[in-house]
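Whole structure, please, built from the sequences with the hints as guidance.
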Amino acid sequence: MLLQLNNIFKWVNNGGNTTFLLKDINLTVEEGEFISIMGPSGSGKTTLLNVIGMLDGFNEGEYHFLEKSVHQLREKHRSALYKEYIGFVFQAYHLIDELTVYENIETPLLYKKFKTAERKALVADMLDRFHIVGKKDLFPEQLSGGQQQLVGIARALVSRPKLILADEPTGNLNSRQGEEIMDLFKKLNEEGVTVIQVTHSEKNAAYGSRVIELLDGRNVTP
Amino acid sequence: MIRNYLKIAWRNIKKRKSIAFIHITGLAIGFTCATLIFLFISFHLSFDNFHRNSNRIYRLVTEIHREDIRYKATVPPGLPNVFKNNYSFAEKVTKIVDWDEQLITVKSGDSQESYKAKTAFTEPDFFRIFNFPLLHKNFSDELDAPNTAVITPQAAQKLFGDTPPIGKTFVWNNEETVLVTGVLRNLPENTMFTSEVFISLNTLRNSWVSKETWTGTSSSLQSFALLHPGQHPADIEQVMKSFNAIYLPDADKDEYTYKLQPFNSIHLDTQYSGGISKELLWTLGIVGILLLLIACINFINIAAAQSAYRSKEIGLRKVLGGFRKQLLLQFLTETFLITLIALIVGLGLSIVLLPYFNNIFGLSLSVSGLLTLPFTIFFIILLLGIPVLAGSYPGIILARIAPVLALKQKLTQKDTGGVMTRQVLITGQFIVSIILIAIMLLISKQIRYATQSDLGFDPSAIVMAGLPDLPDEKMKASGLTSLKSEILRSPYIEEASVCFTSPGAPINGWGTDVSFNGNPGQEKFLIESKMGDKDYLKTFGIRLVAGRNFIQKDSTDEVLVNETFGKKIGINDPEELIGKSITISEDYIHGRIVGVVEDFHDKDFRQNISPVFIAWDPDRAYNELGIKINRTHAAEAIRHIRNVWSSHFPDYIFEYHFLDERIAEMYESEQQFLALTRIFSLLAIFICSMGIYGLISLFVSQKTKEIGIRKVLGGKVFNILKLFSRDFLKMITIAGLIAGPIAWYFINKWLQHYTYRTTVSWWIFILPIGCMLLLSLVIITCKGYKAAMSNPAKSLRTE
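Going down the list, the protein sequences come from chains A and B.
Counting along the first sequence from 1, when you hit position 84 you're at 80 in the working numbering, and nothing is skipped either side.
Count along the second sequence from 1, then add 505; that gives the number in the working numbering.
Treat the hints loosely; a few may be bogus.
Computed footprint of chain A on chain B, listed as stretches where at least three residues anywhere in the stretch have a Cβ under 8 Å from a Cβ of chain A [stated by the list, open to error]:
(1) 690 to 701
(2) 820 to 831
Taking lysine-lysine and the BS3-like style, the derived pairs with C-alpha atoms no more than 30 Å apart in a straight line are [as the list claims (entries may be wrong)]:
(3) K817(B) x K72(A)
(4) K746(B) x K132(A)
(5) K199(A) x K158(A)
(6) K111(A) x K577(B)
(7) K109(A) x K64(A)
(8) K131(A) x K522(B)
(9) K519(B) x K108(A)
(10) K108(A) x K746(B)
(11) K64(A) x K132(A)
(12) K830(B) x K589(B)
(13) K72(A) x K512(B)
(14) K1039(B) x K1058(B)
(15) K621(B) x K131(A)
(16) K520(B) x K132(A)
(17) K577(B) x K830(B)
(18) K522(B) x K132(A)
(19) K108(A) x K1058(B)
(20) K621(B) x K989(B)
(21) K830(B) x K109(A)
(22) K519(B) x K131(A)
Incomplete in silico selection of chain A near chain B, CB under 8 Å [stated by the list, open to error]:
(23) N46
(24) L51
(25) D52
(26) F86
(27) H90
(28) I92
(29) E94
(30) Y107
(31) K108
(32) L118
(33) S140
(34) R172
(35) A202
Don't read these hints as lab results, they were simulated from the structure.
The beta carbon of each residue, even a glycine, is placed where N, CA and C say it ideally should be.
Structure below.
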C-alpha cells in the first residue's frame, strides 16, 4: 500500500458559513496504480490532489503515506516526505522561466544534494528518454506547450519519485499533444510509477486503471 | 549549488534590467556618499596622528576673561622660555612663528626671481617634538644658527628648480639672506603645519615675537611642549596660575589664564579655531549613515515589491524539493551579487567624484585612503550586511509562503509582506528627504542673508592691495602719499584709502583696551582698531551718524567710534559722545571723539558687532590700500594699480583681493556645507523616487485585478490614479508632520551660531513637502497610467 486516506474532511469558514471542500474522503492507493480523479468544477479535485501531495492540509481525518502518519507529522517532516517521494506535473507546466530545459530538470537534484556527476547522468537520461537532448539549452518560452509539458514531466521524474501527481496535465494542450502526454503517463505507469491525475476528459481518464469521481467534495464513485 | 544560485541571480538581473538598474544605482549612490564621507571623516580624524609622542605634546594657550571668555591659541612670547628653563615639566619646548606667505627672493648672477612661499620660523626642537624627518639624514643642529632654513622638496623645486638646494641661499623679505641646510620630506596633508620654508627663529632676533615679553600675544606665535611621561596637565596649569603675579604684575591676575591644550585635540577644537568642528563631522557621519540607510530601505522595498513576480518561482521551487534554508540562501546570493555590483559601481563612482568633492572642500583626499584597514572593514560589513538586511526580508517572506497559493498566483498582500511595513519605510525616506531639503533651503537663505544684506559698508568694486612689509621710512603713511596720489590719477579709480585693514575682514584684526572720558581704569571690553586715512569712510562707504570725519594731521588726536562703542559705554545718543576724550591701547592714542559712524559688520554674522574706532596715525606702517574702482573698467583699473604699485616696490610681488570676495570667503564653510546638503538632498530625492517607484509597481501589480474590475464597472483613468495617490498623500502628510519639528529643531540649533540670522520662513517646510508630493504624483501618473490604460480583459483572465 502506497497511501491511505481515512475520513478526510477539509472546510473553510466564510463569515459564519462553513463550506466543505472535502467531505469524508476514504481512499487507498496501491503502488503501481494509475488513478484518474474526475468531477465538475469546484468538486474538490485539485484540493484532493494537493492534500495527497501534502501541499495542502486538512481539518479532520487520517492520512498514511508509506506507513507514516502524515496527519501527525510536523510541517517540516511532511514537506521532507513529499519532496522525497512525490513528483508534481501542472496544467500550466510551471517551468522556471529563468532556467534552461537542462537546469529545470536538474533543479530537484540540486535540492536533494546529488553530486555533479550523478546529476549529469540523471538529467542526460531524462533528456534522452524524452527525446529533448537538442532542446536542453533552450529556455521555456522557446518551447511549444507540449514540449514544455514534456520537460515538466521529465523534471517530476528525474528524482525517481514513487508517485506522480498531475493536475490536468493536458488542459493547456491540443488533442494531439495531449495524447502524447497521456501515452507517456501510461508508459511510466507500466514501468512501475504510481500516477494520480486530475482530468475533465473521459478519454484521458480511460488511460487510468481506476476513476474516482467527486461531487461537492464527496467521493461519489459508483 | 552556489554557482547555480549565482547563475540564476545573474539571469534575473539581466532579465529585469530596469529593476536591477534601480537596485544597483540606489545602493551605489548611497555607498558613494558613505565612502566620500568616510574619507572625509577619517582624514580629519587622522590629523597629526603620525607623531610618535603625540599624546605627550601640548600647545600652550591663553584664556582671556573679560566680558566674555576668549580663547587664544598662543601665549605671551616670554612664557615658553620660562616654562622650559624654570620648570621641569617638559622634555622639550618649542616656538613656531607662522607668517604664512612671505617674499622669498633667489639671486643667481645678475638676475633675481621673487616668490611667495608659506614660511614659518622655528627652533631645532620643533623637529625633535614632531616627526617631520629630513630627506637624506637625521636632524642634528639644523635651524640652530640664525639665517638658516630647512625647506620642503616642493619649495626647493619652486625656488631652485632641479639643482640641489642644500648650500644655496635666498633672501627673505628683502631683509635677511638665508642658507638652506636641509631638505624635509614633503609634509603630509593631514597636519596643522602647512609651511614649506622653515627658517631658524634666531633670524627674527630683533622681532617682537622673539622678545622675552609678557605684554600682549600674537596669533602667529605658537608654542608646543613635549611633557615628561607622567606629568599631569592640570597640575601644570595650576602652577602656571602664578605666572601673572611674577611676570605681569600690573595686570588683573585673573584676566589671563594659561592652559595646556592636548595636541591630539587641536584639529577638532573650534574654541581655539581648530580645523573643523566635531559637530560637523558628526552631522556628516549621520547624514552618510542616513543616506546609506534609505538606500538599503529602498533596496528592501523594491526587492519586496519584486516578490510578487518571484512568488511563483519560489512556490515551484518548494514543490520541487527546495527547503526554506536553500531558498533563503538563493535570495541572499542574489542580493549579495547585486550588492557586490553596487558597491563596485559605488567605489568607482567615489573615485570619479573624489576630485569634485575635494574641490568643494579644498582638500586633496586620495584614493589611497580607501586601502586602509578601517575602510576594508567598512566595505566588508556593508558587503555582508546589506544582503542580510535587504535579502532576508523578502527572502523570509517568500520562503514562508504556501506553495499552492503561490502557484495559483493567489497570494494576498498579507502573504507577500505587509504593505504597512513598506509604507512605514517609505515614510521614513520621505522624512529624511524633507529634513535634508529644508536644511538646504535654510542654509542657502542664511548665506544669501549674510552676503546680500547691508553690511553697514559697501564692499563692491573695492580692490584691497597688500603693501609690503618694509621697515624703512617708505612704508610710513607719509611715504605712501605719492603712491596713493599716483593711483588716483587714473580715471578708472574712484577712491583710495591707506589703511590697516578693511572694515569687514577676517585678517589683521587688532583688539585692544580703551579708556573713555577720563573714566578710571580700562573698559571691560576690547575695541577693534580700523586705522586708516581720512578717505577710509568715503572709500568703504561708511556712514557718519554724528559729528564729522577726522582731519588728517601729524599727530593722532581725532578719533571716530561706532554706535556700538556708545552702547557699550552706556551712551545711546551719538551726539553725546562727540568731544569726549578717549585713550586707546594704554598710551598709544590720546584723543577726542569727533564723529560717530553707523555700525557696520566688522566680523562675520556669527559674531556681535564690536566697538570700533577709526583713526589716523602718521607714524604707523600700514598693511593695505583699499581702492574703489570703476566696475566697468575693472581690468584697466587693476592694470593701472599694478603698474604704479610695481614701480614703487620693484622688489615685491603685487597681490590684491576683491573685498566682496574676501567677505564671501568668511562663509566658506557654509558654502561647503550648502554644496554638500544640496548634493545630499538631490540624492535623497533620487533614492526616494526610486522607493516610490518600487512601491507603486507593487501596488500596480497587486491591484491589476482591482483596476480591471473598476474599469469594467465604468471607472475612469483619473479615478484609478486617484486610488494610487491617496496612500501617498497620507504618507507624505505624516512624513511632513514628523519631519517638520525635527528639521525645525536642527535649523534653530544651527542658526544659534549666528548672532545675525535670517528668519525661519514657513516655506522652508512647505516647499520640501510640496516637492515630495509633486514627485510622487509624477511617478504615480507615469507608472499608474499604464496600468489604468491596460485592457481589463487581460487582467481579469484567470487561467
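*Hints not upheld, ascending by number*: 1, 4, 6, 10, 11, 12, 15, 17, 19, 32, 33, 34 and 35
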